[in-house]
Amino acid sequence: MLEIKNLHANVEGEEQEILKGVNLTIKPGEVHALMGPNGSGKSTLAKVIAGHHDYEITDGEILFEGEDLNELDPDERAHLGIFLAFQYPVEVPGVTNNTLLRESYNTIATSRGREELDPIEFDDYLTQKLELVDMKRDFLERSVNTGFSGGEKKRNEIFQMAVLEPRLALLDETDSGLDIDALQVVADGIKKMRNKENAFLLVTHYQRMLNYIVPDIVHVMIGGKIVKTGDKELAMQLEEKGYDWLESLATVNGEKDA
Amino acid sequence: MKRSINNKSVLHKLTGEVENADHPLMKQIREEGVRKLEETRFPTSRDEEWRFLDLKPITRTDFVPSDQAGSKPIDNPEHYFIPESDSSRIVFVNGRFDRELSSVDGLPEDLIAGNIRDHLDHPAVKSYLNKLVNYEDDPFTSFNSSFFKDGGFIYIPEGVTVDHPIQLLNLYSDAEKEYFATPRVLVVAEPEATATIIEDHIGVAGNKYLTVPVTEFKLYQKAHIHHVRIQRDSRKAVHVSRPITYLEKHAEYHSYTITLGGKLTRNEPRVIQEEEEVSFTVDGLVLIDGEQIADTHSLLDHRFSHAESHQLHKVVVKEHAHSIFNGKIFVRRDAQKIDSFQENRNLLLSEEGQVNTKPQLEIFADDVLCSHGATIGQLDPEEVFYLESRGMTKEKAKEVLTYAFALETIENIKVESVHKLLIEEVKRYTSAEKSETVSA
Ligand SMILES: Nc1ncnc2c1ncn2[C@@H]1O[C@H](COP(=O)(O)OP(=O)(O)O)[C@@H](O)[C@H]1O
Ligand SMILES: [Mg+2]
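In the order they appear, the protein sequences are chains H and V. For what it's worth, the numbering used here labels the leading residue of the first sequence as 478, then goes sequentially. For what it's worth, the numbering used here labels the leading residue of the second sequence as 9, then goes sequentially.
Since the hints were derived computationally from the structure, they do not count as laboratory data. Mixed in with the good hints, there may be bad ones.
[Unchecked claim] Pairs of lysine-lysine, DSBU-like flavour, derived with a Cα cap of 30 Å:
1. V:Lys404 <-> H:Lys613
2. H:Lys482 <-> V:Lys139
3. H:Lys613 <-> V:Lys366
4. V:Lys428 <-> H:Lys613
5. H:Lys504 <-> H:Lys668
6. V:Lys366 <-> V:Lys336
7. H:Lys669 <-> H:Lys705
8. H:Lys497 <-> H:Lys705
9. V:Lys230 <-> V:Lys257
10. H:Lys613 <-> V:Lys230
11. V:Lys257 <-> V:Lys139
12. H:Lys668 <-> H:Lys718
13. V:Lys80 <-> V:Lys139
14. V:Lys402 <-> V:Lys435
15. V:Lys185 <-> V:Lys21
16. H:Lys497 <-> V:Lys402
17. V:Lys230 <-> V:Lys422
18. V:Lys134 <-> V:Lys257
The shape of chain H in the complex, shown without the other chains:
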């Protein structure tokens, strides 16, 4: 489904490389966890996959269903079924959740050859999805993320994901800032959405989330590279030992990247 080969990326117009040769393959039905210390490039990887304009791919490629994503605009990637739950969801004053979702759902549906829903059908559909993430209806009429608490923002990302039913969901630290109850709700939501056709990449710091959703594969990113890949045991080890024992793996040709 997703194949990333030797991906190098930096901030457009700046020298400093952030991603330094990432390799990652995700197949349908899989849940991957991406862990790693702060500043290692996890969010950058997620944003590059989603098509953020700040970054420039200098080498390597990202293939989604065999298609080169670098050629596509962010909206086209969304149409293919890529969804990014932002680490820092953006406040969009004046645009209600309802407006955003109707607009998004219908454009994505059309491009994937599905029927658009009329306002009444769409409303029913939203109601089901609200239940999935345990949110109240008045959420729909509020401006996207505006004045939301940290937890509400994260939950709103999951709600949007539930509505848009992506094929590949990139969840960037959706678990941080959630209390245990909210985490449970979010994790249950993800579990219910899981099927053989879709895949998840969970970017996280903590083992916590992975107690609820057991990943098939765990990657550790340090210094812009995936330095180790394993199964759920790896996540446990990280919880115990931290990342220090892996730092040496980030060294290339005797030269350590900061």
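With chain H fixed as given, assemble chain V with the ligands onto it according to the hints.
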């Protein structure tokens, strides 16, 4: 009347066209208008109050009085009627009252809504017509006073609540020559009177004209007036307006000015507090593109204690358009416990566009809460990306964000058809790839 010889600006040159008036009040107003006009110099962009403004659209044209312009009939005037004002509508075409298009049957009996020329002996007209308007060294008000023959007069008696909004509809027709119009309005709201007034300026064709509306409002104690002003002039038109409002104790005046049309707009709203404890709003929304210029110079004059004022002036600039905002807030020495909010937010969507903004606070009292600010910005790229990542094209995302920015002012306009109409206007503006070219 004799022709002015000492100042040859376009306005001054026209004083020879001023007609004699029969009614003593009109005679007095006209004579005073001409006298003041002749005493006043036409501004230039070297004058502090006219900085940044390119006045060429006025100075380079020989405007003629509208009745000499060979004006063409308006095809479908009903198109501009708002349904809520079906029987509370006063219509002016090129500044002249149109009895046939007007309809005021639906208004309370003792209320007056009609042509000011028919009410010159009314005590409220005698007391206030041309007495409220007060703009220093301003040839435009004098110009209006020299020329207006008709005007809207709305008198709301004590305690009367007008259920339907009153539409003051100003239509500007196509014509063979470039003409000027001098719309005039006097609104007097007696104690505890309540009404909504929709003042509409619409150019029905793409022709050039100059309109100089002067609008005087007097609100007695506890009167409540909502005043919506929609400027949809032709894209070649010049619009120079002076709306001024006086507030007695416990009066409330809330105005929303939407500026969409015109080649050059200069709007100078003023609100003057006459007694303690008033509340007022002077909000504005300006959506301009192409070569449009829109200039708002406002004055909110807090003269007594306990005033609450609100001014949110939002502007979107596309292409080569140019917006100017100068917002004066006076808080006089005896005006304590003032709560005044002023913000000018500008969304500059092109490299060629231009924005000048100057909030100007002059506060002589000490117990005052004044928040004010001005911002000039582009759309936030993170917001754009967020919407793109949800499947919207970049263009659509920008459109949605611009629309959201513009909507805030409109949300306060409670007349449904007007609200809807403005939403359509905002959509049309935000989705326009390029500005409409003028259909001549
Ligand atoms: N838009 C940007 N501009 C400048 N530096 C950036 C930008 N995005 C990421 N970086 C830098 O790239 C590195 C990785 O950041 P990030 O991907 O956010 O890490 P993580 O998500 O793993 O904490 C950091 O040093 C960060 O400062
Ligand atoms: Mg991150």
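Structure-based check of all given hints:
1. V:Lys404 <-> H:Lys613: 28 Å, holds
2. H:Lys482 <-> V:Lys139: Judged against 30 Å, a Cα distance of about 79 Å means the pair is violated.
3. H:Lys613 <-> V:Lys366: 43 Å, violated
4. V:Lys428 <-> H:Lys613: It holds: about 28 Å lies between the C-alpha atoms, which stays within 30 Å.
5. H:Lys504 <-> H:Lys668: Holds, because 17 Å separates the two Cα atoms, which is no more than 30 Å.
6. V:Lys366 <-> V:Lys336: 8 Å, holds
7. H:Lys669 <-> H:Lys705: Status holds; Cα separation ~29 Å.
8. H:Lys497 <-> H:Lys705: 14 Å, holds
9. V:Lys230 <-> V:Lys257: 7 Å, holds
10. H:Lys613 <-> V:Lys230: Given that 30 Å is the threshold and the Cα spacing comes to 41 Å, the pair is violated.
11. V:Lys257 <-> V:Lys139: Between Lys257 of chain V and Lys139 of chain V the Cα gap is close to 20 Å, so the pair holds against 30 Å.
12. H:Lys668 <-> H:Lys718: Distance ~28 Å between Lys668 of chain H and Lys718 of chain H Cα, so the pair holds.
13. V:Lys80 <-> V:Lys139: 35 Å, violated
14. V:Lys402 <-> V:Lys435: 16 Å, holds
15. V:Lys185 <-> V:Lys21: Distance ~17 Å between Lys185 of chain V and Lys21 of chain V Cα, so the pair holds.
16. H:Lys497 <-> V:Lys402: The given pair, whose Cα atoms are some 29 Å apart, holds under the 30 Å limit.
17. V:Lys230 <-> V:Lys422: Between Lys230 of chain V and Lys422 of chain V the Cα gap is close to 20 Å, so the pair holds against 30 Å.
18. V:Lys134 <-> V:Lys257: With Cα atoms ~22 Å apart, Lys134 of chain V and Lys257 of chain V stay inside 30 Å; holds.
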